[in-house]
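Sequences listed follow chains A and B, in order.
Under our numbering, the letters of the first sequence match residues 1 to 348, in that order.
Under our numbering, the letters of the second sequence match residues 1001 to 1290, in that order.
Everything labelled a hint here was simulated from the structure, so no lab data went into it.
Please read all numbers here as calculations on a predicted model, not as lab measurements.
A virtual CB, placed ideally from N, CA and C, is assigned to each residue, including glycine.
Some hints could be false.
[As the list claims (entries may be wrong)] Cross-link-like lysine-lysine pairs, in silico, DSSO-like; alpha carbons within 30 Å at most:
1) K111(A) with K1119(B)
2) K1087(B) with K115(A)
3) K1186(B) with K1119(B)
[What the hints assert, rightly or not] Some chain B residues flagged as far from chain A (calculated, every beta-carbon gap over 12 Å):
4) F1005
5) V1009
6) L1056
7) L1066
8) R1086
9) G1101
10) L1109
11) A1113
12) P1122
13) V1147
14) R1169
15) M1210
16) F1277
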Amino acid sequence: MNWTLFFVFVVVLCLLPVVWPDPYVLSVMGSAGIMIIAAISLNLLLGYTGQLSLGHAAFFGIGAYTSALMSLGFSIDLGFGLTWQVDAKPVWIAFLTAIVVTGFFGWLVGKLAFKVRGAYFVVITISFAQVMRMISLNWTDLTEGPMGLISIPALTLWVPGEGIISLTSKAAIYWLVLAIGILAYLLVAMLVNSRQGRAMIALRENETLATSVGIPVTYYLALATIISAAIAGAAGGLYSHTVRIIDPDVFLFIYTVTMVIMVIAGGKGTLGGPVIGGLIFGLMPELLRGVVGPEVQWVIYGVTMIAILLFLPRGLVPAFYDFIAWLRKPGTEQPRKSKSSLVQGAKS
Amino acid sequence: MDEIFQHIVNAMVLGSTYALLGIGLTIIFGIMRVVNFAHGELYTLGAYVAYGMVALLKLDFFSSILVAAAVGMLVGALIEFVFLRRKDLKNIDEVMLIMIGIMIVMQNLELLAWGGVAKIIPTPFSQEPISFGSISIAPTRLFVFGVAAILLFIFYLGIERTRFGLAIRATFQDQDAARIVGVNVKRIYTLTFALGSAMAAVAGALLAPMFVATPMMGDLASLKAFAIVILGGLGNLGGAALGGFLLAFIEEFGASYISSAYRDAFGFLVIIIVMLFRPQGLFSVKERVG
């Protein structure tokens, strides 16, 4: 990973609200950022362990609902005259609960689904998201059904001199999303560069070989799913506390597809991929809004996705690096030829 | 007791179209190893072609089903020829994502062409249900069941009794061996995709008069087709037919005796449960994919 590039990128993103304090731009960047966090989480599973999860919207939605319900308070009728009453919790506790709960669901799905691979795993994850959507639509006592949950409190921050403030301004939401996004990015970066991450990549490359050298496949797949789900849950929690209204549509397949497009377009299995892909596909709807209708916009999405898969199947970021390498090629090969006759001898 | 018979009749009608939907998907998967996410959109396409023919061109309902089948076949062949022919089909994830892209494009083109308002497809049958004792059934449903049953039978004969069916079965079992004995595998691919797509389009044209045609109907249809195919075992033709009926029975009885709100959720719960205990499907021998 290129740290200089990373810092420049972060500093530019941090300064954006200062140099361009347009609330519209900031809110667009904020919502794109939330989807980028979700894409980063999907990339861990899809890019680094090679498992295509098409139910990632489920984790996003579970995070959103858990965080919203915890911060609003809820009661579940357990039958036999018993109810489980939960009072409204402070928003940050609700947010952290959402991460833990989605992590648990990730463990559950990972544990259950990784008995199977490939197409079967994909279908299990889709089914899981569908069941979650049905539950959110029909369990009206808890989720208000299609009406959705409203007036979800915003996340808060303690500022010296000001006390506790609600993060409701566009700039505040932008910085919050950015901060959590950087945390998610660093977490994934640290993970994939660690022993655990290398084990995951080994699984992606050749599962049989990885098993034969003693890598506990199920353990690492479950670990990746838990972390991936938890990050997606954090994105969902962020979504519910910044948009402050959620309905069962958060579980829609189209959200998963958006995450998948972001990862694939940017380059799966690269750290920068979901960020670049996410910026392109997160901002594209806003650029296209007003120019074309939502249907045409989705057609453009779909065509772009197919084109990338057909012509740049590895994604934009690897293609960019390849291009750089191609530009530098004559320069780098020249000294090697003159310096080392050994290499040349070995080659010929 | 009569109530149970009524549910059985309803489930049989629904099951016959589910079987068509499932067979279309499973033949494509079985032969090409392509998980066809656009299947539901071909189903929607069938429904809309039938609607367009009946409502706009004033064609009769029966010929409109044939037109739907032809259009489905053509679009299927086109998808295979343009997008899949050049791709290495062994890369299952990439092909799957291409199919998702096609799904998005088709769905939104349909939305663009027909608008979001649901369309009702007129049929020449009377609305008056036919009664057998205490069991009643709408004539449309009876017709749908009849056509679906005939198509399933023709499909069975085609696979089991013709040379083309033999080539398909050979490709199904072992592609390389089929190629060696002179089967044109590429042509089989195109034909398979066209055939599977035509099945989905016919299922759409048949089912639409029972419900309504909406641009989003493909989403649920795709997922149900997956449920059916997984119940039967991916790539198992007989299993897909049985899976279709099984899913219809689960939905019908689950909706009437457990909860009608969760009607569509039962299928997915069953998928998850089947996957956990018999990932190779209920009617299949063990095989791993991916």
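Hints versus structure:
Restraint check for K111(A) and K1119(B): the C-alpha separation of about 43 Å exceeds 30 Å, so the hint is violated. With a C-alpha separation of about 28 Å, the suggested pairing of K1087(B) with K115(A) holds against the 30 Å cut-off. For a cut-off of 30 Å, the pair hint linking K1186(B) to K1119(B) is broken: about 38 Å separates their Cα positions. Listed as a non-interface residue, F1005(B) keeps its Cβ farther than 12 Å from every Cβ of chain A; the least gap is roughly 28 Å.
No Cβ of chain A comes within 12 Å of the Cβ of V1009(B); the nearest lies about 26 Å off, and the non-interface call holds. Remark: the non-interface label on L1056(B) is consistent with the geometry, its nearest Cβ contact in chain A lying 20 Å away (cut-off 12 Å). No Cβ of chain A comes within 12 Å of the Cβ of L1066(B); the nearest lies about 29 Å off, and the non-interface call holds. Once the 12 Å rule is applied to beta carbons, R1086(B) is inconsistent with being away from chain A; the minimum gap is 8 Å.
At roughly 4 Å from the closest C-beta of chain A, the C-beta of G1101(B) falls inside 12 Å, breaking its exclusion from the interface. A cut-off of 12 Å between C-beta atoms contradicts the statement that L1109(B) is not in contact with chain A; the least separation is 6 Å. Listed as a non-interface residue, A1113(B) fails to keep its Cβ farther than 12 Å from every Cβ of chain A; the least gap is roughly 9 Å. The beta carbon of P1122(B) is kept farther than 12 Å from every beta carbon of chain A, the shortest such distance being approximately 26 Å.
With a closest Cβ-Cβ approach of about 29 Å to chain A, V1147(B) is found to remain outside the 12 Å limit, as its non-interface label requires. Taking the minimum C-beta to C-beta distance to chain A, about 21 Å, the non-interface status of R1169(B) holds against the 12 Å cut. With a least beta-carbon separation of about 22 Å from chain A, M1210(B) lies farther than 12 Å from that chain, consistent with its non-interface assignment. The non-interface label for F1277(B) is inconsistent with chain A: the shortest C-beta to C-beta separation is roughly 9 Å, within 12 Å.
Figure legend: structure checked against the earlier numbered hints; hints not met, in rising order: 1, 3, 8, 9, 10, 11 and 16.
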